[in-house]
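Q: Please arrange chain B on chain A, whose structure you already have, making use of the hints.
Residue numbers (full-length UniProt numbering), protein chains in the order written: chain A, 1 to 265; chain B, 1 to 471.
Hints are supplied without guarantee of correctness; some may be wrong.
In silico SDA-like links for lysine to any residue, alpha-carbon gap of 20 Å or less [claimed, not checked]:
(1) A:K260 - B:E55
(2) A:K230 - A:G93
(3) A:K260 - B:S45
(4) B:K331 - B:R348
To give an idea of the chain A side of the interface with chain B (calculated C-beta under 8 Å), a few residues [to be verified]:
(5) Q16
(6) R18
(7) A21
(8) V25
(9) R26
(10) G89
(11) H104
(12) L110
(13) L262
If you're looking for bench data, these hints aren't it; they were derived computationally from the structure.
None of these values were measured; they are calculated from a predicted model.
The C-beta atom is built at its ideal place from N, Cα and C for all residues, glycine as well.
Given next are the chains, with one letter for each unit.
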Amino acid sequence: MASAAQPSLAASLKIQRRVLAALLVRELLTRYGRHNIGFLWLFVEPMMFTLGVTALWTATKSAHGSDLPIVAFALTGYSSVLLWRNMPGRCIGALEANLSLMYHRNIRALDIYMARIMIEFSGATISFFTLALVFILSGWLDPPEDFLTVAAGWMMIAWFGAVLAITLGALSHEYELVDKFWHPASYLLFPLSGAAFLVSALPPFAREIVLYIPMVHGVEMIREGFFGSKVQAIYDPGYVLACSLVLSVAALILVRWVEKRLTPQ
Amino acid sequence: MIAVENISKDYRTRTGPRRVLDNVNFTLHKGERLGVLGRNGAGKSTLIRLVSGAERPTSGQITRGMSVSWPLAFGGAFQSQLTGVDNVRFISRLYAQDPEHNLAFIEEFAELGQYLREPVMTYSSGMRARLAFAISMIIEFDCFLIDEIASVGDARFHERCNYELFDKRGDRAMMIISHDPGYLRDHCNRFAVLDAGRLTAFDDFETAHDHFLAQMRVREPVRAVAQPFSRRMAAIDSLRRVAHEDEHFMALVRQADAARDRHDWAAAEASYAAALSLHPYERSYWVQLGHVTREQGRMVRAEIAYRTACAFGESVRVLEPFIAAVEQPGKAAPAIPVAAPDGGETRRQPPGYPDLAVLAALAQGRDRLGDDEALALMRRQDGIEDVLAHMLDDPSTTASGAALPGGIAVVPGDAPLRIEWREDLARLAGARQEELDAALARGDELFHALRRSGGLDGWAVPAASRAEASA
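For reference, chain B alone in the conformation it holds in the complex:
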């Protein structure tokens, strides 16, 4: 048994001590596999280091009634000037084992060939990971500490690791930390969530997962810094990277993927839509949204999603059959051509649904678009500036400086409204974000503010002057 009692850990920083773990308690018995979910920086790695004994807690006590491994798949204990063989011998000596017997196992398992006799510093990171995992398997611990093993090596090696660890050693105690809920669900029988240094235990996976997601929601979202990209595709590429760093976004899409895999299309649609409301330009999930709405027979929404994915740079050739299928079932190719970006100026590029939503907010002060209306606009194959001109020409356009919507729907359906849509607008119009915010704070009319902050430069928007003049 391992008993962790009231442990806290402080790290010294320049600004005084910072508490990383706060009064953590749990016990782990033989055969139990505890999965600890936590965001990056929640204290997961610190917790595993404390349990492994590599580090001491500031207060509290850890009692180890069984042998505990070092954090698995951890390659740092190698002396990189030494060969793989020497490193294996060192670990064997340290744990009183027969080095030659271990070497035979590692030669077979890690598949390093002649490299085993070369210095570890000449290894690729994949080879290091294989050696590290193989070495971890030669010592028979009662309890294994596992830190994100999912990232070890290629798929084939990963499969063998899973077999060695979860099948052959399935009777041992384990503590697994990860930010991937699916991984923990598949391998653990007890769950806990670590947040801001506090550990909360749960009996089943679903409650733990709900708690984890709820905590993501109260966090500040990861936001893109609006760089004034002149090329739209470069901007979209960097926005996708921002999305991938947002743990809330990633948690939502994992949840959506899981729902899709069990054919719960409605739940999948809701989760993809919520994710896309956070990061509307992550184009690959527009494809997924298209698939799950199509499965529910919502052809208009599916077409909007597919055409949006194409407008943001997904392969038209790949998506055309899907668009054809939702546009006119039975046809091989879409009747209305699919617009794709050509890498030129942003104002001439085809709009995706989020762009249409932002333009509608700009031109008409509306917070959402009807599905049919949006699809009609996309089928027109206009560039962004033409769509804006078209919207301004619409007689229903409010010419007065109506209050700007607080949030707008950037995904069809009833996804959460996007509050940060002005950032999208600034990026779309090429305006400098801070100047735009400042101008709006001064009470400038939106068009006016956009132009003053460098936006809409070169755009042919004749009717804009009408809105501006009347403001």
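Pulled out of the complex, with its shape left as it was, chain A reads as follows:
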């Protein structure tokens, strides 16, 4: 039965879970289908990206301003890029592709974003985790010194990426320029996001500028968790949390705003 007006909170949560589960399966099937390895592509694809970049950086012996092994550096750096970059990429234009779902009253715009964010988050996380495990077992990488700091840094990037994704997704429904600008912006942010340098290796004035970018703090945290004593990490969790909180509120307001303007076909 479809729900009647004003169900209780518990009932609402149950509906919410059901809707997200249904949307997740639908998204996974639509994106990856049942051919060859199917939904394993979810994390095989980001793994291929990370492996490729790691191989490239190793081959060119990229300078990164520290004596960390390049494999470790590339893995932590590029995995975080995938995390914050793919979520907005998938949420921009997500509503247009799913407008007809709005005929099911239990599905809200936020659910469509949440489903896509969850898929991107799982893909990036499984890929990061698997690669780290493989590298550790094969001796290219030391196990993280402080697993919790790694996890905290990862979650901070994920939170910021998720709310950025919802904000840009909602805005993209009204302003198609968002889509046009996001591609160059994400490309330019990649080298600035801390993936390719340690903040401590930068000159002081550059440090100050770079630390305005929230992702940098997360990457620094991950590196501290992994390498601890071997690097000097510079970050301010409070700054990222404040940014994410403000953006979260903005994202929720924008989703409500855009929902009023939806016209399903």
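A: Below, chain B alone, put in the same frame as chain A:
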């Protein structure tokens, strides 16, 4: 209960907000079936989307005290890359139902066979419609929203849909939108008319229908753009399409068909005649007009109607027995052969009654023809140009530039006069419409104006010069 209170809906356009629904109010209780009539663009689909909750009103409130379906037979919610099975599973999960149980029902009901396991994008539109309807039936809603279900699938499937929906689920609330009054009359017990965003409720079907027709009448009619077709049959074919897009015309013929079906021949004749006055070249309704006048014993009019249908391209073989029956009861074949178009130049084609009326207006400035006179002209089997020459030779022809009639009768009897007859004339004579209008606005005599705008080119109309010379 569903309560719709003061809802309005604006859409943003480049030229500012456009109000699609304006302060709409109604309530719907269990067991009530509300039929909403409206023209295309009246806001019907917007209303159903708002009630379904897919879209938010700009202002006002909708309270849903029961579960409401999505607009039925709507196939858009499919993910076309996914298979039918996956789509069924998705909907089942969404509404907390057992997917496998639903699949069994859908396999049986939608009759898609192996296609159910193929991506929906490989389906034909009929298969999609069947799957969409079947999926709509697996969720037991208290209220169904139905958008023009009449168009779903073939007749057999349609019958099963009607049974599932109106019989097995006859106790539910329903809201049905349509521009087909007959469909609503058969399935609804409450009626409303939506026009320009405003909803007016009615207690019974007849008043709602009258209101709907009255609103059609005040609209600008759909008019054909006079393309200078050189072949008459191509022109007639495109004019029929124009007629079918004119909702007023379609409403009139539906009304006429309904009257015919209950053997109210006089009412049917009046409605067909009114429809044909709007679009005189929709030949199939000349056949119907022939039938309903024959039933009333008006044999001359019936013969005129049948011969007009043939002149406009209806099958002579099919209509000959009818013509014979009204011409000389008891005979198997018409004594006077029936003229049919041969696809050649317009001026050599046989005239239908509207052509005769237009020619009489042109040659003699008259606004109507007598039935016997018209039938005599048709039986002569002349082409259009010869008929015109004959009319000009008639001593009663007014040689002076008499005032042109404002409207003429293009259907025998007392149907409304056709104001746009000059468009028919321009098309008949092959004149360029705008130039003709301009010449007439300058005060040119009609023949003169026709020739100056490229009309009557190659026509053998010797006597025309007399009228022209004296103008």
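Q: All the hints need checking, so say for each whether the structure fits it.
A: Checked hints:
With a C-alpha separation of about 7 Å, the suggested pair K260 of chain A and E55 of chain B falls inside the 20 Å cut-off, and the hint holds. Note on K230 of chain A and G93 of chain A: the hinted pairing is violated, with a Cα-Cα distance of about 42 Å set against a maximum of 20 Å. Between the alpha carbons of K260 of chain A and S45 of chain B the distance comes to roughly 17 Å, so the proposed pair stays at or under 20 Å and holds. At most 20 Å may separate the alpha-carbon atoms for a hinted pair to count; K331 of chain B and R348 of chain B exceed this at roughly 29 Å.
The criterion of a C-beta within 8 Å of any C-beta in chain B is not met by Q16 of chain A, whose closest approach is roughly 12 Å, and the hint is violated. Interface hint status for R18 of chain A: upheld, as the beta-carbon distance to the closest one in chain B is roughly 6 Å, under 8 Å. A least Cβ separation of about 6 Å between A21 of chain A and chain B falls short of the 8 Å threshold, and the interface hint therefore holds. Using the Cβ-Cβ criterion of 8 Å, the hint placing V25 of chain A at the interface with chain B is satisfied: the shortest such distance is roughly 7 Å.
For R26 of chain A, the interface hint holds, since its Cβ comes within 8 Å of a Cβ in chain B; the closest pair sits about 5 Å apart. The beta carbon of G89 of chain A is not positioned within 8 Å of any beta carbon in chain B (closest approach about 19 Å), and the interface hint is therefore violated. Because the beta carbon of H104 of chain A sits about 6 Å from the nearest beta carbon in chain B, less than 8 Å, this interface hint is met. About 14 Å separates the beta-carbon of L110 of chain A from the nearest beta-carbon of chain B, more than 8 Å, and the hint is not met.
The restraint placing L262 of chain A at the interface with chain B holds, with a minimum CB-CB distance near 6 Å, inside the 8 Å limit.
Figure legend: structure checked against the earlier numbered hints; hints not met, in rising order: 2, 4, 5, 10, 12.
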